[in-house]
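Trainee: What follows is the residue order along each chain.
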Amino acid sequence: MTATTLAAPARRRLPLQLIGGWEVGLIVFMVLLYIAGVFINPKFFGQTDAFSAILRDTARYGVMAAGMTFVIINKDLDLSVGSTLGLVATVFSICFSKSYYDLGIGPSVIAAVLVGLGVGLVNGFFVTVLRVPSFITTLTMLFIGRGFVLGLTGGKTISYSEKALEAPWFFQIGETNALGFNNQILIFLAVTIVGMIVLAKTRWGYETYATGGNEMASIYAGIPTRRVRMRGYVLSALCATLAGLMNVAQDKGITSQYGQGAELIVIAAVIVGGASILGGRGRLLGGALGAILVVLIDKVLREGIPMTRTVKVGGVDMQVQGMAQLPPGAVPAFLGLILLIAVLIEPWIIRRNVFPRLWARLTGRPLPPIIEVGGVAIEGAQTKGSSASDSAMRARGPIGHFLARRDAAAIVLAILLWCVGLYLRPDFWGSIDNSFNLMLSFTEVGLLSIGMTYVIANGDIDLSVGSVLALSAATCAFLMKQMGFDPWTAVFIALMAGAAAGLVNALLTVGFGLPAFVATLGMFYMARGIGAWMTAGRQLSSFSETFNLLGRKLIDALTYFGIAPARGTLVYDIAAALSVQTIFMIVVAILAGIVLAKTPFGQMVYATGGNRRAAEYAGINSGRVRAISLVFSALCAACAGVIYVAFLRSFNPSAGQLRELDAIAAVIIGGGSIFGGYGTVLGALAGAAVIALIRALLSLQLILSNGQSFVMPQHWVNVFIGLILIVAVVGDIWLRQGDLAGTIRRRFFSRRAPAHGAARHV
Amino acid sequence: MSDHSRPTPFIEMRNISKAFGPVQALRDINLTLAPGEILGLVGDNSAGKSTLMKVMTGAYQRDSGDVLVNGRETHFKSPHESRVDGIEMIYQDFALCGNMDIAQNIFLGRWPRRGLFVDRRRMYEEADQVLKRLKVDVNSVFQKVESLSGGRQQSVAIARAISFDPKVVVLDEPTANLSVMATERLLETMSELKKQGVAQIIISHRLTDIFEVGDRIMVMKRGQNVGDRYIAHTTEQEVLELIVSGTPETALTADQALESRAA
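The listed protein sequences correspond, in order, to chains D and B. Note that the first sequence covers residues 1 to 762 in full-length UniProt numbering. Note that the second sequence covers residues 1 to 263 in full-length UniProt numbering.
Check before you lean on any hint, since a few could be wrong.
As the list claims (entries may be wrong) - Restraint ranges, calculated between C-beta atoms of paired labels, are given here:
1) 496(D) <-> 113(B): 26 to 34 Å
2) 206(D) <-> 44(B): 41 to 49 Å
3) 125(B) <-> 568(D): 53 to 61 Å
4) 80(B) <-> 541(D): 49 to 57 Å
5) 710(D) <-> 149(B): 54 to 62 Å
6) 125(B) <-> 702(D): 56 to 64 Å
7) 563(D) <-> 125(B): 20 to 28 Å
8) 125(B) <-> 650(D): 51 to 59 Å
Stated by the list, open to error - Simulated coverage check for chain B against chain D, where a stretch passes if three residues somewhere in it have a Cβ under 8 Å from a Cβ of chain D:
9) 218-224
10) 232-239
Derived from the structure by calculation, the hints contain no laboratory data. Using N, Cα and C, we set each Cβ at its ideal position, and we do this for glycine too.
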């Protein structure tokens, strides 16, 4: 025993040495993939131009990957690059275009760069100074940016190919140069080389590796880690800015879709390039090669594969020779899968010595040992908010006790917002119609936030609820319309599809130890992609009326069964304001609320979220608890998906978009903590009510004094919801957990004599 | 060896070895613990103190050697299995859930239930009793653990351990994060536990604390035992010398040391 362990160091290949061969492996893989591409699709990949075209399209992603490499080595994540690209391109276009501000090229570029810089600074500020987790900050930024793009362009395309002739030097960026390749490739090369030098040879690079490797140690060593992480975000945003400018230079115009989903390709590229999602490891060359590889895969998927398919035409099966092309919406499903596989390679293939062990097994030599890391999981250490004061202990009286609850603010806010609505539109707000609509939007957010409460209380996060909603809705609609399933089987299978998505989430987080936000981010793309794939190009509507009852008013259901109360009675009014789905949601909420608050399982959820290690020591199977929560959350989302189809009587690919944001915001407003350990179902429902009310208030038609009416466009509402989420998270971290008010009060009191006025001012 | 002068040990670890990859953390190490005894475990960093304790509680699996509890050979797969045999470990960071209150933490993972639900009244009553038995004062069992000071948090951790009615409590660096006052209180608590017949093992760097409450002290070095002394018959100076220059070859058990001293 001792002999083998002692001899081990000489034979053992360190993971670092293996990773040194990573880039070579990537290149080999890429060549093979390209050859495969030529083989299966000679029409596209056989051309000499194709190689240049792939490199040109890679250039933008490669530039963003350079910035992202810094962020990921810092142990952060930037989900906002795609929307930064879009925003920068939009700002440039609006400044430059004749139909908007018609500025010169100089000011337009400056405005674009300033916007990009601003995004980077804001990201950095929230993550480093306000300590908001990076995925929440940048996810919110993603949606806010996207909302701005839609709001600024109004969803329209902007084009300025004529005016572009005035500034040939700028638009030359997007052109092919005298040497026969696109100038963007040149920029890509330059950025990669400069980035490689910075990362490998300068203090900036060393500081980055140190910060990502062990932030605490870096702080002790005097490295300004905040500035380092801030720098990462600014670099990432500036790279996205450059990519955005390259994009407008090439296309001489924009659509509102610019940069959509780019963050997925960029993050996948950096991870495929050998960086670790847990920070401290990664190289720019790898990121650049990864970008080429991922774009190549993207191209292979999009260009299609010639193959024989059986297609149903008019009820007859026909063999069709053609290109099996993925619908555009389905591509993210594969990219999400690639991202997840890439994330798993380092901990499960390299650290576990899989290939050397396999080789040894084949050659019959003794197996090299699995590198034991002393029980260190691949998850990062849980970050905890600073400890809160126990305000519940100081509270007096029933009102004091109520206000000391973490969910008090949400309940008060929900009531206040309702009163605001009543004040603004007294004629309409209290009506049955409006109440019905309010309850309806409340139901969807509420249902998602019930499941999310469990996940967040567990210290995890589920970014995939909106996509799982879409997946289950698509499954349900597809099965009923396309496959002719009866409604109940279809509903059952749709719920199973949602649960399966939850199981995959659970397997990745609990089984493979991925951070929940990475696993569910993968599912975020995969579930929506699969849903889009299933329903692509199909009109899925008009289902059986029994099924539609799931989304109808209670009164309709009662009428259907012939037990409707008489018109004009109170029961009738209530039945007209309530819908079947609201009742379903309330039943789920009561059950889930009781389980969370009163049963040992609920206590296990809180214990796991509070301190997972302590829970493990206490004999709680925290993995099982987390898995159940993730599956439950996905099931809630799946229910919401079925209800969505029943209510709208059709499936819309945008189902559930932005809903993950709503649900997370609802839970956080309702007293949950983004670091886990807190959250109640009642609070989450109150939070959901707040979200639903804000959405309703913002889209309320206001009659202005001059008789005109005003409605806020939906894009701006989304921007606003994003802001609310970030404010809720910051408020939770600094007011509830950090007890900022208490700190200020104490500081105030210690400086001056205790006075009644002082407390009121803070 | 003169075993007649000592009661039969509650725990006996024989020839324990444990390696982490190429690092040999423990090498042929022995440890005994009598009922009601307070044993101090000292040594430099990486001497293997915590590893030895984790092997004892089943948090780590030994490569070779035997662990006997009450004369019976055991193979604990996890700390939960050793808990059944009356062994409790209090971790350096206390392993508590800050978001839950004191009573919930004391009954972490085994909350009393009535039907499907947690029996809150019984939980708070019993938590109160445990704290009283320990003679520690906390304001209220309803207080959230994250709002407690380090010393109080440790009291909760000890109360949690005591609530299992253990025979042995292992304290990993119990005084490392405590103020002077809190340390005093902890040492009182430990004496109180000893009176109730609970054996304890303290892993500590602070010899003073061990000399105040301990019965016996064991010195470890690079995964091996380099000496064992009765507190009553040794000095801090001697123990320090063992830590610095002791070797496994010159190691004496406490009884041998006592005999050679008498001679």
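Trainee: Run every hint past the structure and note whether it holds.
Mentor: Going through the hints against the structure:
no., hint, result
1, 496(D) <-> 113(B): 26 to 34 Å, "holds, 31 Å"
2, 206(D) <-> 44(B): 41 to 49 Å, "violated, 31 Å"
3, 125(B) <-> 568(D): 53 to 61 Å, "holds, 55 Å"
4, 80(B) <-> 541(D): 49 to 57 Å, "holds, 55 Å"
5, 710(D) <-> 149(B): 54 to 62 Å, "holds, 56 Å"
6, 125(B) <-> 702(D): 56 to 64 Å, "holds, 57 Å"
7, 563(D) <-> 125(B): 20 to 28 Å, "violated, 50 Å"
8, 125(B) <-> 650(D): 51 to 59 Å, "holds, 58 Å"
9, 218-224, "violated (count 0)"
10, 232-239, "violated (count 0)"
In this structure, the earlier hints numbered 2, 7, 9 and 10 are contradicted, and the remaining ones agree with it.
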